[in-house]
Amino acid sequence: MSEFQEKSRVVAVEQLADTFYRLTLSAPQIASSSQPGQFVMAACGPYLDPLLRRPFSVHRRCDTHSIQLLFRVVGRGTELLAAKRPGDVLHLIGPLGRGFDIDDADRVCLVGGGIGIAPLLFLAEELRLSQRTCTVLLGSRTAGELHQLTVEFNALGCEVEVATDDGSAGYHGLVADLLGPCLTGVKRCYACGPTPMMARTAQLCLAGRIPCQVSLEAHMACGLGACLGCTVHGTADRYLHICRQGPVLNAEEVAWNR
Amino acid sequence: MEQMNTAPDMSVSLGPLVLTNPVMTASGTFGYAEEFVSLVPLHELGGVVVKGISVAPRAGNPPPRVVETPCGMLNAIGLENVGVDRFISEKMPFLRTCECRVIVNILGDFIEEYAELAARLTDIPGVDGLEINISCPNVKKGGVAFGTVPEMAAAVTRAVRESTHLPVIVKLSPNVTDIVTMAKVVEDNGAHAISLINTLIGMAIDVRTRRPKLGNIIGGLSGPAIKPVALRMVWQVASAVRVPVIGIGGIGTAEDAVEFLLAGATAVQVGTANFYNPSAVCEILTGIQKYLLEQGEQSVQSIIGTLRLEG
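One line per chain: the protein sequences are A and B, in this order. Residue 49 in this note's numbering sits at position 49 of the first sequence; the count goes up by one each step and never skips. Residue 522 in this note's numbering sits at position 264 of the second sequence; the count goes up by one each step and never skips.
For the record, the hints were derived by calculation from the structure and aren't laboratory data. Just so it is clear, the structure is predicted and the values come from calculations on it, not from any experiment.
Here's a subset of chain B near chain A, in silico, CB distances under 8 Å, partners left out:
1) E293
2) A317
3) G318
4) V325
5) E338
6) P482
Heads up, the beta-carbon is just placed ideally off N, CA and C, and yes, glycines get one too.
Assemble the whole structure, with the sequences as input and the hints as a guide.
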């Protein structure tokens, strides 16, 4: 496994919705070695406060030189990121962690909720390169957060359905409600989003005996397996570390009821 | 300014343990070194202090385990580790390849466990020294008491010394009324060197949920926020004991490290900085060398404890 500490340059900053931002970063080492589902640790500010880097999954690999990060502004770290301008430096470490397994499943379903949609665009790009049939279910608070992303998944040749909390686009309700009817014929499922959404997805896939992988998140200090801070409850009564054993895990490895 | 042409001598001695330079990594912040292999030239380090090892493996605390605080972080990992058997069989083979000093941090709930660990690790090739963790605040029994009760600290230090011929460092907890008393007691009972400080016990609350931000409710504060406290304690201890002192606490730059050396530390350990800047250890090393050249000093030893108090 190869990881790099790379001084990236901001190429573009997009505000996709109220609190949804997307950075395009020139980071050749990380871009050329990232797999869908892997993440980077980004040093959001130049000083000691906020102190720790923040983990972001790779949203997209634009080419062999650049990647994109999609994030919601939720605190001081992401506020600093949203204020970046083209030409600014952003220190990254990556690519980190275990990404999505891509097997020979010819028909797959991707389920993304909120900012959890971030790693799925990169995954969809990889899957569509080999002509897999991809159904993409996207959920979010409101239509604005999904508009641009829907366009991009469609452009890859994915079949997209959306759900919104406020009913402003697509189904008025939870994205996981859309999943049941979509699973017919699906050979593999991938999910990233709020824990209840992933738990519901895992449950439906288990019932349908469909392999399911989820991408989890947790607070972490290093992203490297050293701080041991990013634990989630796993089955078999053990803790899993998101940074090294994940962030992508097989759904049955996670103790969803804890 | 006139500069020396030759590189300054960076070597230091922690009692019987000689280091090529005074910059080490602190226990619990550098894993078992293999985690940093692609980011840090490990052979350049003065030493690696590995994640604390207990007799049996420990699963650690429930999440959340870390939370960021102003210029610092709280952790309540709960001493998660692979246990001494797996440490020896799975972690030591890599550590032997690092070409740097390997110090094994040991912890236990009972004095007998510390003695057992010391004996087990004594003849393991590649283990250069032991650091006794009497100060980790996260475990309800044992950890706190050993580090805060002088008689207990004395007994643990003595038991470890009697169980090994390896150099023994005792790592002190700052969560005591009088750090100098603790330092003198471990010195009197055979510590070859004293490292300080471990984390300061702290807490953070999410006001919206009214719940503690850590699964363990309380945890250890580390990072730049604690540096002034650490520096004060290192200065007090270094002024009061004869054995070498290792400064720990919020060190992230060469200037931080030099402060500790001037205050009397013979070496330093870099901790939380490994998380936010894995290059910190190497930057600190080259920064100390640059400082020595600028100051016209021929060795790092010549600046240790040279804090000026008069005039």
